[in-house]
Amino acid sequence: MNPATSPDNHIAPTWPNLLVDDVVLRILEFCDIAAIIAMGQINKAFNRLVSSKSVWLTAITQLVRRGFVHREEGEILSELSVEQLVEKAKRAVRGPQMWALEHPGPALVSRQISLPIEQDAPRTCLEVKLLPGGEYLFHNHWHLDCWSVLERKIIWTYKCCVENARVTTLAAQLTDTPDTAVVMACQRIVGNDVHETYVEILMLNLKTGTSQSMLVARVPIGRGTSPYDHPQVCGDFAAVALTNDVVLFNWCQGTYVTVHIEDDPEFSPHFRRLALAPEYAILVLSLSGQEDEGGGENIDTLVLSPLTALPWVPVDAVNPPKNVTRASDLPRVHSYALPRREEPTYDGIPEPHMNGAHIYISVHEHPLQNDLFRVWIHVAHPATLLRYDLDLRDGHPTLQLHSTTNGARNWGVHQCGASFAGHTLVVLQSGWMPKLMLPG
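Heads up, the sequence shown is in the working numbering, so the first residue is 279 and it goes up one at a time.
FYI, nobody ran anything at the bench for these hints, they're computed from the structure.
Computed from a prediction, not measured in an experiment: that's the story for all the values here.
No residue lacks a Cβ here, since even glycine has one placed at the ideal position from N, Cα and C.
Keep in mind that a hint or two might mislead.
To be verified - Derived DMTMM-like pairs: lysine to aspartate or glutamate, alpha-carbon spacing no greater than 20 angstroms straight-line: (1) K437 / D454; (2) K368 / E353; (3) K407 / D507; (4) K485 / D507; (5) K407 / D423; (6) K437 / E396; (7) K485 / E350; (8) K431 / E405; (9) K431 / D457; (10) K485 / E474; (11) K407 / E643; (12) K322 / E350; (13) K331 / E357; (14) K485 / D594; (15) K407 / D457.
Stated by the list, open to error - So the derived label-pair ranges between C-beta atoms look like this: (16) N684 / G469: 46 to 54 angstroms; (17) N684 / Q362: 49 to 57 angstroms; (18) D669 / N442: 40 to 48 angstroms; (19) A595 / G469: 35 to 43 angstroms; (20) E361 / P589: 51 to 59 angstroms; (21) P456 / P589: 34 to 42 angstroms.
Required output: the full structure, derived from the provided sequences and hints.
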């Protein structure tokens with residue numbers, strides 16, 4: 279009798295003795311990289327399995343599909359060694375090697391692709407968005423196009439959901455289905471004495487260039503020719519801010535909810551920034567009428583609010599929303615006070631109306647571990663980069679401050695926000711030139 283299974287032996291047989299290698303390898307296909315690494319530390323048998331090329335090829339292929347890893351033109355993943363595949367996983371977390379602090383020389387442009395994009399709209403109306411992975415680019419110039427970067431051609435052109443409308447901004451996100459993206463087109467009607475704004479959310483097949491409308495909604499009117507701000511798509515949810523409102527969508531269910539940012543300067547929170555994580559909204563609210571420990575009133579509060587607790591109603595494509603939730607009534611799982619702000623200035627002159635433009639939120643899913651996220655908040659006055667870790671595992675969300683980085687006083691904030699690793703594009707106010715700042 280095998281001593282490992284003898285009734286007189288109290289040592290239980292290990293998993294690899296019970297399951298053939300092929301079964302274990304199949305299970306590993308459904309694990310994130312953090313779980314794969316942890317399983318490799320159990321014993322030598324597991325270490326041998328998780329070190330196989332098939333495991334890492336599957337894992338990196340998933341990261342490429344989700345946009346975490348960039349594949350070079352003509353690169354074939356199956357021809358890479360295990361060490362090269364592991365290095366790609368590391369770069370998904372740390373960023374490009376040439377951006378590292380220990381890199382001896384300046385960063386170099388390793389690849390450049392030019393697209394023959396036409397500019398038939400004013401410069402202030404132009405917008406581009408590159409999807410993660412770098413293979414597809416959206417170009418909005420009053421007409422919304424999607425480009426295949428590698429093929430250097432337009433694969434899809436959007437037609438507005440109402441007549442005489444123009445797209446003023448957009449949001450897009452890759453889905454778990456290969457070569458598919460969710461697109462949110464935010465548009466307004468252009469005409470005399472007509473002030474109507476609409477949002478359409480579509481499912482776009484990036485290979486065939488075909489799309490399917492998932493939702494059309496009329497939304498509250500915002501000020502200006504570009505009334506929208508902070509468009510976001512995250513899983514089944516999407517969001518966009520207008521002048522006094524934030525509209526949240528569940529495009530799978532065809533529902534929405536409007537959060538009104540009150541105008542009372544004494545008691546009401548004023549909206550500054552918005553981001554989405556799976557089933558949660560992350561907002562920065564400025565609570566007027568309250569003083570911080572330093573005696574100032576510029577208090578920004580980071581709020582984590584569960585989307586499932588909001589009063590969702592079916593979307594209306596004809597009338598603006600009537601069911602409105604006040605920002606002060608938002609359910610809150612976590613609420614944190616951010617560092618006290620200084621009033622932004624230009625050439626020594628205060629510009630309080632620019633307050634919201636000097637705060638940016640970036641939320642990034644962890645490439646190697648499911649349900650973990652990094653939340654970067656960049657405040658320009660004074661220049662501060664805050665990292666929060668968001669853990670959505672086990673149904674008990676936690677949001678904790680991880681680190682604070684103080685920057686130079688002449689930093690401005692660029693709307694690109696921060697990468698997962700914390701690389702941040704800032705604007706040096708002395709010359710208004712963008713500069714890449716390294717984390718730490």
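Structure-based check of each hint:
With a C-alpha separation of about 25 angstroms, the suggested pairing of K437 with D454 is violated against the 20 angstroms cut-off. Under the criterion of a C-alpha separation no larger than 20 angstroms, the hint pairing K368 with E353 is consistent with the structure, at around 18 angstroms. With a C-alpha separation of about 14 angstroms, the suggested pair K407 and D507 falls inside the 20 angstroms cut-off, and the hint holds. A distance of roughly 29 angstroms separates the Cα atoms of K485 and D507; the hinted pair therefore is violated under the 20 angstroms criterion.
A threshold of 20 angstroms between alpha carbons decides the hint, and for K407 with D423 the separation of about 11 angstroms falls inside it, so the pair holds. Annotation: proposed proximity of K437 to E396 holds, straight-line Cα distance about 17 angstroms (limit 20 angstroms). A threshold of 20 angstroms between alpha carbons decides the hint, and for K485 with E350 the separation of about 19 angstroms falls inside it, so the pair holds. Restraint check: the Cα-Cα separation between K431 and E405 comes to about 17 angstroms, which is no more than 20 angstroms; the hinted pair holds.
For a cut-off of 20 angstroms, the pair hint linking K431 to D457 stands: about 16 angstroms separates their Cα positions. Distance restraint check for K485 and E474: the Cα-Cα separation of roughly 33 angstroms exceeds the 20 angstroms cut-off, and the hinted pair is therefore not satisfied. A threshold of 20 angstroms between alpha carbons decides the hint, and for K407 with E643 the separation of about 18 angstroms falls inside it, so the pair holds. Between the alpha carbons of K322 and E350 the distance comes to roughly 34 angstroms, so the proposed pair goes past 20 angstroms and is violated.
With a C-alpha separation of about 10 angstroms, the suggested pair K331 and E357 falls inside the 20 angstroms cut-off, and the hint holds. For a cut-off of 20 angstroms, the pair hint linking K485 to D594 is broken: about 31 angstroms separates their Cα positions. Simply put, K407 and D457 have alpha-carbon atoms about 16 angstroms apart, close enough for the 20 angstroms limit, and the pair holds. As the Cβ distance of N684 to G469 is approximately 49 angstroms, the hint placing it in 46 to 54 angstroms holds.
About 37 angstroms separates the C-beta atoms of N684 and Q362, a value inconsistent with the hinted range of 49 to 57 angstroms. For D669 paired with N442, a C-beta distance near 47 angstroms keeps the hint of 40 to 48 angstroms intact. Taken as a hint, the range 35 to 43 angstroms is violated for the pair A595 and G469, whose Cβ atoms sit roughly 18 angstroms apart. Checking the proposed 51 to 59 angstroms range against E361 and P589 shows it holds: the Cβ atoms sit about 53 angstroms from each other.
Separation of P456 from P589 is about 35 angstroms and conforms to the stated range, judged on CB atoms against 34 to 42 angstroms.
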